[in-house]
Amino acid sequence: MKIIISNQSELPIYAQIREQIKEQILNGQIPEGETLPSIRQLAKEVGVSVITTTRAYSELEAEGFIAAMQGKGSVVLPTDNQLLREQYLLRIEEGLSTAIETARVMGMPKEELKDIFDNLLET
Amino acid sequence: MELLEVKNLSKHYKNFDLKDISFSLPKGYIMGYVGANGSGKTTTLNLITGILKGTEGEVRIDGLSHEEDMGAYKEKIGYVGDESYFPDHFKIKHIRSILKDFYPTFSADKFNGFIRKWKLPENKMIKDFSRGMKVMLMFASVLARETKLLVLDEASNGLDPVMRAEVLRLLQEYVMDGERSVIFSTHILSDLEQIADYIYFIHAGRTVFYDAKDDLIENFLLVKGESARIPPALKRELIGLEENAYGFEAVLPSDKAELLGNAFLFEKPTIDQIVIHYIKNKDMDTGKQE
Amino acid sequence: MRALYFLKIDYILTRKQMYIVPLFFVLALVTGKSVSTENMSLLVTCSYMLFVSTIFSTAPFGYCVGKNRGFLLLFPATVKDRVAGRFLYGISFVALLALLCGAVVGVYVMLGVEIPLWTLGAGLCELAVGIVITTLEILFFYLFGEGKENWQYLSNIVRVAPGMAMFFAASYLIDDAQAAVSGTEMDLEVMTGRMMQAGALAVAAALLLTVAAAAVCVKVIEKRDYA
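Quick mapping for you: the protein sequence lines, in order, are chains A, B and C.
Under the working numbering, the first residue of the first sequence is numbered 1296, with each subsequent residue one higher.
Under the working numbering, the first residue of the second sequence is numbered 412, with each subsequent residue one higher.
Under the working numbering, the first residue of the third sequence is numbered 488, with each subsequent residue one higher.
This is chain A alone, in the form it adopts within the complex (with noise of 0.2 Å):
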């Protein structure tokens, strides 16, 4: 597992550190069943708060991502397709309506942000 905390980045230190997770459990970095480092041991390695990675860590859970298990620690639960189909969804999304707020700003009509889009998907 890896994370790297940024100072300057404008999401705060638990979000950073969900997204990198999150990131490793669905690309495969970090596979199902592995057991996530403790809430305080992660504190301790990456040298934040445990009240941050407590955080991070419930939110992830909330999102089931992984899950507390008794005297286990945090285990990463089976990624369901349903469950990265929804993640892969969401960051489309995101990325088109980045580009289409960039594309209201500068006043482009609908059908030349549809060209580009549909130029780029042939390259």
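It is possible that part of the hints are untrue.
[Claimed, not checked] Computed from the model, here is a short list of chain A residues facing chain B with C-beta under 10 Å: (1) 1304; (2) 1309; (3) 1338; (4) 1343.
No lab work stands behind these hints, which were simulated from the structure alone.
C-beta atoms are modelled at their ideal positions from N, C-alpha and C, and glycine is treated no differently.
Add chains B and C to chain A, keeping to what the hints say.
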């Protein structure tokens, strides 16, 4: 479960009052006690260690108060100050022998381990130690015995970056088992900010805020922009407005973000920035009253 | 028990002055030799030793000021323990030098100098005075100056003046005593008995005073901050 409970702690001096300090720190967490010089940080910590007597209020460590069992209470505390509190003419062997006398849980092996690890000179008198060595010797003396609470008064001031990193590691290791806690005072947060779970901010002997650090950072925005464009509704909410020829900087509670519109730049503040603007705000308030 | 730990701390604090103590022993031996033609003058030597002891017996106050005291305040011990340790230091130091006095006398006895027994009683009286002076000095330091920095100058006067006064007074009184003894018609045995009695009583009274002074210090200091 709370490790340190402070209730309505007050200390009256001729020209300074510490008033109604209250907080509780749960087991396994680190708290930063933050304030400007002279705001009452050291007074509070000395009241916690019991070497000062409060005018009012109560302190409990692990459920025990100083009055109930002074010996047991003091044994729970490990204190590291901003200056060496060892007699100048002592050598390490003297300190080792005396700690062994007074503290049943003192481990000479652990102590010697720290001495070797941090290369503290066995044959020099404490007064000839460097500042960093003095601080590390204090850490060695408290970490070599069983304690519940570390009380650090500006302990990392004047340490070089390598030693500061070592201190951070030590503190995080200390709270690792979830049973012990740390309270440290400081007037500059810098690297200590990262590991603090809670921040208590004191100004002129009074509480300003006490909250989980992550919540604090989330609850405030650092706002920058052109002074001329601040609408009155926004101006009322800005904390510690600081203006110069080119613009202004202030802190704003996040729930007032809608007042900003698109005209201003805002970003995630550091605890230091929140503190600085709060102090500025307080000083402006007292200025108005006078 | 913790009082003894504090006593130990005081001895470590002042360990340097322990190196000088044997020097005083030698000095006492040498000066004793030069005046021992009149055997009572050994008392002068002894009162000199006690004078030295009253200076040294409050030394820990000078070594442990300001921030240096933090270590002691943080211990899980009561004010009573700490004060008792400090008084024990003072008294034990006076006792130590009294023993050295005894050793000096012993050396002279072995060298064949005749020393009248009644001087032992007078010596006990001097010891009592030494204990009283040390007690009052410690009391003074606790009540007015414990832990204060920038206090060195006054504290030196307080430490030296009473002992010095005692030393001169003793030298003066010894001359008187000598005259009185040679002029008296009292039986030497009776007088020796009385002197011994007076000496023992004086030492006992002095020690009682020490205990009382220590109790006063504890009462006063317990209310203080940084205590």
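Taking the hints in turn, this is what the structure says about them:
no., hint, verdict
1, 1304, "9 Å, holds"
2, 1309, "6 Å, holds"
3, 1338, "6 Å, holds"
4, 1343, "6 Å, holds"
Violated hints: none; the structure is consistent with every hint.
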